[in-house]
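Chains A and B, in that order, give the protein sequences. Numbered according to this note's numbering, the first sequence spans residues 1 to 542. Numbered according to this note's numbering, the second sequence spans residues 543 to 717.
None of these hints come from the bench; they were simulated from the model. These figures come from a predicted structure and were not determined experimentally. Among the clues, some could well be false.
As the list claims (entries may be wrong) - Calculated lysine-lysine pairs in the DSS-like style (CA-CA distance at most 27 Å, straight line):
(1) B:620 <-> B:673
(2) B:673 <-> A:355
(3) A:453 <-> B:673
(4) B:673 <-> B:622
(5) A:355 <-> A:268
(6) B:569 <-> B:620
So you can see what is in the structure, the chains are spelled out below.
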Amino acid sequence: MRLTALSILALLCAMASPSAQTVTFGEHISPIIYNNCTSCHRTGEIGAMPLTNYSEVAAHATMIQHVTQNRYMPPWKPDPTYSQHIGERTLTQSEIDLIRNWVDAGFPQGDLALEAPLPTFPTGSALGTPDLVLTMAEPFAIRGDNEDQYQVFVLPTGLAEPRAIAAVEFRPGNRQIVHHALLAVDITGTARQNDLETPEYGYESFGGFDSPIAAILPSYTPGTRTVAFPHGVGQILPQNADLLVQVHYAPWPIAESDQSSVNIFFKKESLEREVGLIAIVPFSLNDIKAFFGNFGGRDIEQIIAQLEASGAELPPNLDDLIDFAASANDLFGAINPMAKIEIDSRFVIPAREVKTFRGTLTIDQDISLLSIYLHMHLLGQSWEVYAVDPQGNRTDLVRISDWDFNWQGSYTFTHFQKIAAGSKIHAVTTYDNTIDNPLNPNYPPRTVAWGEKTTDEMLLVAMEYVPYRQGDENIALAPSVGYVARIDFDGDRQRDFDDFVLFAQNFGLSQGDADFQSRFDLNRDGRVDFADFIIFARLFGG
Amino acid sequence: MNWRHNIWVTVGAIFLLAGAGICAPHKVYVFLGETCPVSRHYTLTLRNLHAQYASEELEFIGVFPNRLSTPTAIAAFKEKYMLPFSCIRDSAHAWVNRLGATVTPEVVVVDSSNAAIYRGRIDNTFARVGKRRRVVTARDLADVLNAICNNTPLTFRQTQAIGCFITPLQNTAQE
């Protein structure tokens, strides 16, 4: 037996875990609440229930117990046991049990001398001084009619030359009503034109930007940790580009207003690898491109009439292609259609049915994935995205069993995920178009196909990638601030000696050993060895 | 047509017209929490229901059972979300216990003899916390208030309110 003394130490720690009778706020509950909930649950933030001291937490005790047990809170949709992403906001089962026991015992205060300190929450940028700050030109007034609002704002960058982006940080103006924000880049002026055509500031658009897109930037949800690209890696912001921000304003019963801003940080070093985007959508972008061409601005009906007149053979799924072509054309600038994308059926979700789609994307060169963004609408229920290499080895990328449109976002992997040439990326999605889906926007249900409206559906997996380089697997895509979940083996939100003890206990084990646990194999090479220790050491502390 | 006939027609018409506005004396207790997002959401619905149904005979009363709900906090919430009815504090849970509310928002409608005739949700907007129906298909409180105003006899009915659980008073002497 290796490291017996350390094993005994760990055993003692386990034996010291508190029973139901002794759980108190001061000792046990305050660190869980303050480190997982309070960043959003304090005055002026989106969480309505303030949780900054004993009396506030105790006053909401029953609700805290309820929403942690059913894992509605903290809001984090990807399954952390399937794949790991930066900024995971999840409680461990033992933390959830502690809360339950504490509430059942009458939420005792205990010794406040043992209370965890409230974290210091940044009031300005979490990253430092931005190189470019783009602010909404004027406050936007929401209607206050208890309906969701999705408004696109066009923020001109005025850049004289293209610049490489290191990080993008969305800063909500009114944190109570800004639910999430999607960011993209337009270089055609279409979005500006859209704005001019509506009387209000910005323009309303639910499913997308209603404009051709040159790039998709990292999205914002409350509690997001801004992730800076690794050294030499970045995204290009073209000269004179317009930044598009689609803000989702939560349903609100009275009028309010918001004036949000975006901080942009440029690369100090020269760009070695530009971040590209690949996507899984229900149709082959290549087919559409081949069929319609880059028809930007031209009337689809007109194109089809011309094709018919010329005697061209029309594809059997023409209706789908027409629906899809409009938004696909918007995405052409942003997405590199690496390979033909196949889906096993037409993208139609019949009324009163639950429907599953399987999409596949073949990767034709070695690449490293940085992040994955998922998008579907209100009928969406679940996602599973994974890669299988030519040898049959599987890499799990993301799984969501309880999709919530309100909590969509992009998920950055803790490390570059290598996808070898010849791999297939599979996406399995399920939609519920029955009356049992309370979010169904059609009552009674009607058959739904592709479209950008609330009552339509979408299926989009967009993945940021760079061409693979030797050693990418060891590059941690660490958040600029905050704690790194990956080596927090005991889940206490600290990267400390206890984690080292657990790591040391597993040192030397290989895949196939009875005790082997992949979470200690930080570089995923099948062995917990010195290379993992180097990664551990780099992430240690804080 | 004689004058007697005309009088009866007139009297009948007055009763018909007035009938829509005359509701038997009832009270609608609305349990609310100013830190509960679901309570906040329903302030718009409550304003609309109040405008449509409230009268001298049908009174709305907001009840705030959370122990953090100070008179100042309640007044601020009432003003910000424009609640058009009086709001009372229930930190000792006298109303909670008497009317059996467990969640905010939850409504309890009582008749002139203080007997409950409805307890539960305002409507079915929320399937569960965080799952907001895009098409509301049951307007329970409006149905009850309609029935009262139409003098339709009602037997006690209960639905499950969805919202923020009312934390019971502490059962240990910790503070």
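Each hint tested on the structure:
{"no.": "1", "hint": "B:620 <-> B:673", "result": "26 Å, holds"}
{"no.": "2", "hint": "B:673 <-> A:355", "result": "20 Å, holds"}
{"no.": "3", "hint": "A:453 <-> B:673", "result": "19 Å, holds"}
{"no.": "4", "hint": "B:673 <-> B:622", "result": "25 Å, holds"}
{"no.": "5", "hint": "A:355 <-> A:268", "result": "48 Å, violated"}
{"no.": "6", "hint": "B:569 <-> B:620", "result": "19 Å, holds"}
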